[in-house]
Amino acid sequence: MASSARSPAPRAAHADTMWTRLPPLARHGVCLGIFLVLALSFYSPVVFEGNTFQGGDNTTFRANAQVTIEHHEQTGEWPRWAPNVFSGMPYINYKTAVTQLDDVVSMARSVAWPVGHLFVLMMGVYFLVFYLTRNQFSGLLSGVAFGFTTYIPIIIAVGHNTKFIALAYAPYVLLAFAYTLRNPSAWGSLLFAGALALQLRAKHPQIVFYTGMLLLLWWGVEVIGAVRKDRVPALATSTGWLGLGTVLGLCMAAHPYLARYEHKQFSVRGAAATAGGGDGGGGGGMGWEAAMRWSQGPGELFTFAVADAFGGGGQTYWGPKTFTEGPHYLTGVVLSLAGLAAWEVRTWLVWGLGLATLGTALFSLGKYAAWINWPFFQYFPFFDAFRGPEMWLSITALALIVLAGIGLDYALRRDETQGRRQRQQTDPRQRPILIAFGVVFAVVGLVWLAPNTVLDFEKPNEEQRIRQALLRQNPNVSPQNPKVQQAVRQQVRKLKEQRRSAFSTDAQRTLLFLALAAGALVLYRRRTLPAWGAGVAVVAVVAIDLWGVDTRYMNEDRYSPGGTEQTIPTYQFDRFIKQRQQEAGGLGRFRVLSLAEGNPTSTARPSYHYESVGGYHGAKLQRYQDYLDHILRLTERGGPNENALDLMNTRYIVARQQLPGTEVAYRSEQSGVLVLENPDAVPRGFLVGETEVVDGAEATWEQLRDSSFEPRRTALLPEPLDAPVAPIDSNSTADVTLEQYEPEEIRWTVSTDAPRFFVASEVHYPAGWNAYLDGERVPIHRTNYLLRGVHVPEGEHTLEMRFEPAADRYGRWIAWTSTILVYGGVLTLAGLRVRRRWFEEEAADEADAS
0 MASSARSPAP
10 RAAHADTMWT
20 RLPPLARHGV
30 CLGIFLVLAL
40 SFYSPVVFEG
50 NTFQGGDNTT
60 FRANAQVTIE
70 HHEQTGEWPR
80 WAPNVFSGMP
90 YINYKTAVTQ
100 LDDVVSMARS
110 VAWPVGHLFV
120 LMMGVYFLVF
130 YLTRNQFSGL
140 LSGVAFGFTT
150 YIPIIIAVGH
160 NTKFIALAYA
170 PYVLLAFAYT
180 LRNPSAWGSL
190 LFAGALALQL
200 RAKHPQIVFY
210 TGMLLLLWWG
220 VEVIGAVRKD
230 RVPALATSTG
240 WLGLGTVLGL
250 CMAAHPYLAR
260 YEHKQFSVRG
270 AAATAGGGDG
280 GGGGGMGWEA
290 AMRWSQGPGE
300 LFTFAVADAF
310 GGGGQTYWGP
320 KTFTEGPHYL
330 TGVVLSLAGL
340 AAWEVRTWLV
350 WGLGLATLGT
360 ALFSLGKYAA
370 WINWPFFQYF
380 PFFDAFRGPE
390 MWLSITALAL
400 IVLAGIGLDY
410 ALRRDETQGR
420 RQRQQTDPRQ
430 RPILIAFGVV
440 FAVVGLVWLA
450 PNTVLDFEKP
460 NEEQRIRQAL
470 LRQNPNVSPQ
480 NPKVQQAVRQ
490 QVRKLKEQRR
500 SAFSTDAQRT
510 LLFLALAAGA
520 LVLYRRRTLP
530 AWGAGVAVVA
540 VVAIDLWGVD
550 TRYMNEDRYS
560 PGGTEQTIPT
570 YQFDRFIKQR
580 QQEAGGLGRF
590 RVLSLAEGNP
600 TSTARPSYHY
610 ESVGGYHGAK
620 LQRYQDYLDH
630 ILRLTERGGP
640 NENALDLMNT
650 RYIVARQQLP
660 GTEVAYRSEQ
670 SGVLVLENPD
680 AVPRGFLVGE
690 TEVVDGAEAT
700 WEQLRDSSFE
710 PRRTALLPEP
720 LDAPVAPIDS
730 NSTADVTLEQ
740 YEPEEIRWTV
750 STDAPRFFVA
760 SEVHYPAGWN
770 AYLDGERVPI
780 HRTNYLLRGV
790 HVPEGEHTLE
800 MRFEPAADRY
810 GRWIAWTSTI
820 LVYGGVLTLA
830 GLRVRRRWFE
840 EEAADEADAS
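In terms of numbering that gives the first Met the number 0, the sequence shown opens at residue 0 and continues consecutively.
Among these hints, one or two may not hold up.
Result set (DSSO-like, lysine-lysine): computed pairs, CA atoms no more than 30 angstroms apart in a straight line [stated by the list, open to error]:
| hint | residue 1 | residue 2 |
| --- | --- | --- |
| 1 | K94 | K619 |
| 2 | K495 | K366 |
| 3 | K366 | K320 |
| 4 | K458 | K495 |
| 5 | K366 | K94 |
| 6 | K320 | K577 |
| 7 | K619 | K577 |
| 8 | K320 | K94 |
| 9 | K366 | K482 |
| 10 | K577 | K366 |
| 11 | K493 | K458 |
| 12 | K482 | K495 |
| 13 | K619 | K493 |
| 14 | K94 | K577 |
| 15 | K482 | K493 |
| 16 | K482 | K458 |
The calculated label-pair distances, taken between Cβ atoms and stated as ranges, are [claimed, not checked]:
| hint | residue 1 | residue 2 | range |
| --- | --- | --- | --- |
| 17 | R430 | Q53 | 46 to 52 angstroms |
| 18 | P427 | Y260 | 50 to 56 angstroms |
| 19 | V833 | L39 | 54 to 60 angstroms |
| 20 | R836 | Q565 | 17 to 23 angstroms |
| 21 | A96 | D556 | 55 to 61 angstroms |
| 22 | E793 | E738 | 45 to 51 angstroms |
| 23 | V833 | T16 | 19 to 25 angstroms |
| 24 | G584 | Q53 | 32 to 38 angstroms |
| 25 | Q377 | T736 | 50 to 56 angstroms |
| 26 | Q377 | Q53 | 35 to 41 angstroms |
| 27 | Q53 | I819 | 38 to 44 angstroms |
| 28 | A96 | G55 | 26 to 32 angstroms |
| 29 | R836 | G55 | 51 to 57 angstroms |
What the hints contain is simulated information worked out from the structure, not anything from laboratory work. Note that the Cβ used here is the ideal one computed from N, Cα and C, for glycine as well.
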């Protein structure tokens with residue numbers, strides 16, 4: 000590890016107190032016990048009352064996973080394909096097959112969510128900061144601050160569970176990184192591999208990438224320090240061990256990441272433009288505008304210190320983003336202590352964390368800091384694969400909180416080598432503490448006294464939106480009527496006053512807590528308060544501050560009695576459609592398009608009940624997105640394209656008005672919702688007697704939309720078949736019977752009196768689906784742009800399609816091998832250490848005896 004840029008003061012020889020008389024393990028136990036009590040208390044409605052969170056993402060996950068959950072309950076296996084979402088797509092959140100340490104924590108998830116993972120998070124931050132400072136109160140402060148920074152309860156409430164779990168393991172990655180920098184060895188490399196694998200297995204690669212960027216910025220500062228201090232060989236050795244650990248960690252997470260990476264190449268997050276044909280796979284990321292949505296406004300960084308500076312979240316938020324659930328609040332005390340560390344503890348470690356703080360904060364600004372984000376977006380690997388730059392602030396918060404722990408260690412450290420006369424003089428550390436707290440106090444205080452000089456308390460285009468709302472409510476009033484503008488101004492004035500009042504209240508809270516924490520530290524420096532008293536006081540101030548803000552976003556409105564599935568509504572038309580599905584034979588008989596709830600691509604609720612043409616997923620297949628945009632065309636007047644509905648086996652449409660070519664099958668008397676039957680929908684599998692080669696995606700889209708196209712007669716292919724296909728007439732025998740339909744296996748009996756072409760109304764995904772005709776592997780042809788097709792010779796045949804992704808199989812093998820290697824290596828090295836220590840103790844005893 001890099002040494003200090005200037006030598007630190009000698010560590011305190013702590014006074015003999017009740018706290019210092021406790022054994023080190025007991026002190027750790029007390030701190031960890033505090034974490035557990037706080038976590039259980041805050042989330043008691045979930046742990047002790049059986050409630051669940053009502054977050055939209057919880058509902059989305061449950062709806063998308065419904066078919067896979069039912070299949071698991073029936074067979075004990077987790078399928079890797081979800082047929083109920085967007086007509087079928089890879090299910091990328093299935094359980095990993097390789098057992099690792101995170102499975103121990105996950106075992107308690109059904110009874111202790113989210114307390115178990117929150118405890119792991121706070122414990123990780125505690126040991127990270129304790130390792131860097133050897134101060135339990137520093138670790139306690141940082142653990143509490145990160146566990147209860149507002150972002151954590153917010154993402155738990157809305158259901159961003161994988162993100163939360165990835166953040167829970169981030170401190171362990173930093174700890175292993177710091178240890179290996181200081182102690183380059185195989186031991187450190189294996190620990191880093193294990194920690195990285197745990198975070199990867201949380202299945203949120205965006206947080207893993209952001210954590211990696213923090214480490215890269217930290218490492219960059221260490222390189223500068225190594226060059227200046229002539230320690231390049233030592234850093235090169237550490238870097239080599241970290242590189243090996245990175246490779247091993249990636250291998251340990253090969254399952255399911257190989258399959259996830261393969262899916263990404265075909266998804267909207269990674270697929271190249273498909274207009275040129277091909278299979279929709281490519282390495283490009285999403286576009287700049289899509290990636291930069293939810294960029295953090297520069298002024299919004301002030302919410303680190305004042306929670307309601309921009310209205311908090313929900314309806315009261317008035318910042319530049321479309322909406323947000325809440326701020327990234329850290330408390331003024333954490334910011335003050337982080338600033339104290341950056342200014343006074345001038346080590347390469349602190350400067351590395353400082354650069355990481357600055358870099359990740361700039362990345363969070365997204366389009367507002369295009370001067371740095373645009374080059375990274377264009378040229379840095381994987382930078383363009385993620386959206387929502389605001390998420391960078393979760394890593395910014397982690398870096399700041401670690402710095403705050405180092406700052407508290409500085410504030411509580413005392414040089415006991417001073418003489419009596421020196422002790423009577425002003426403590427040299429009191430002034431930096433007062434300056435650090437004073438700067439934050441002054442900034443918050445000035446904005447509180449003159450808020451309009453910094454904040455305008457008005458949402459972008461707010462007057463225009465209020466005017467439009469008033470005109471919709473009063474359609475007979477002219478937009479030029481002076482009373483309209485007067486009413487708009489009055490409404491804006493009222494909103495600004497409410498926002499200014501909320502900001503003022505929170506600013507006063509921040510000032511109060513700053514004064515309390517600074518006072519406790521000054522009393523300690525003046526020897527009025529013991530070190531443990533000052534440490535407890537600062538931790539208590541931060542805990543109370545964060546708890547008060549967190550309860551605004553994790554309140555009783557967030558909880559719901561019973562399981563998540565009870566929060567998913569079931570309507571009468573759902574029961575009607577599910578009854579029809581059962582009568583038809585279950586899964587694989589038809590799909591449903593729900594238009595009655597608005598945009599069918601922004602809700603997952605229908606996917607809970609039946610196979611949906613719509614759905615909600617951030618990584619849908621690019622080829623299916625093309626189908627929605629260019630073939631189905633939901634936004635066009637007159638309703639969705641009829642051919643597009645027929646192609647996807649769409650037997651029922653839920654709508655509020657009848658569509659052309661449909662018949663009313665059910666009408667809700669209460670809501671007026673209609674269930675429309677589409678009699679022209681193709682079956683899930685059928686034979687055609689003609690194929691036509693169409694060059695290019697746009698030409699294919701146009702022909703599929705054309706009302707003259709008959710999907711039951713002709714199949715469009717990107718390239719010609721190497722076998723003949725006979726037309727179907729009234730004398731032909733061509734019959735298809737669906738025998739079995741499971742998420743990963745479909746079987747038909749096909750009978751034909753001549754060579755024909757079989758079309759499956761299933762989404763084409765070449766990275767996993769294989770076809771077998773009478774047990775022999777046959778090629779699947781991309782048909783009608785997004786479906787599957789197979790050439791079938793004359794006769795009676797059994798046609799099977801199985802989902803067998805090779806990436807999943809290889810990933811399992813790589814993950815098992817590397818996991819055994821790493822865990823076995825850790826146990827072996829640990830055993831050797833214990834054995835060596837035992838021999839050393841034996842030798843010492845013999846020497847004493849002689």
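Does 26 to 32 angstroms hold as the CB distance between A96 and G55, or does it fail? holds, 30 angstroms
Straight-line Cα separation of K482 and K493 no greater than 30 angstroms? holds, 16 angstroms
Tell me if the straight-line CA distance from K94 to K577 falls inside 30 angstroms. holds, 28 angstroms
Given the hinted pair K458 and K495, is their Cα-Cα distance within 30 angstroms? holds, 9 angstroms
For the pair A96 and D556, does the Cβ-Cβ distance stay inside 55 to 61 angstroms? violated, 38 angstroms
Between K320 and K94, is the straight-line Cα distance small enough, at 30 angstroms or below? violated, 34 angstroms
Is the gap between the beta carbons of Q377 and T736 within 50 to 56 angstroms? At 53 angstroms between Cβs, range holds.
Is it true that the CA of K94 sits at most 30 angstroms from the CA of K619? holds, 20 angstroms
V833 and L39, beta-carbon distance inside 54 to 60 angstroms? violated, 34 angstroms
Hinted pair, alpha-carbon criterion (30 angstroms max): K320, K577. Please report holds or violated. Answer violated: K320 to K577 is near 39 angstroms, above 30 angstroms.
Hint check for Q53 and G584 - Cβ pair distance inside 32 to 38 angstroms: holds, 35 angstroms
So the hint says 38 to 44 angstroms: do the beta-carbon atoms of Q53 and I819 match that? holds, 42 angstroms
Going down the numbered hints, you'll see the structure goes against 5, 6, 8, 9, 10, 13, 19, 20, 21, 22, 23, while the others check out.
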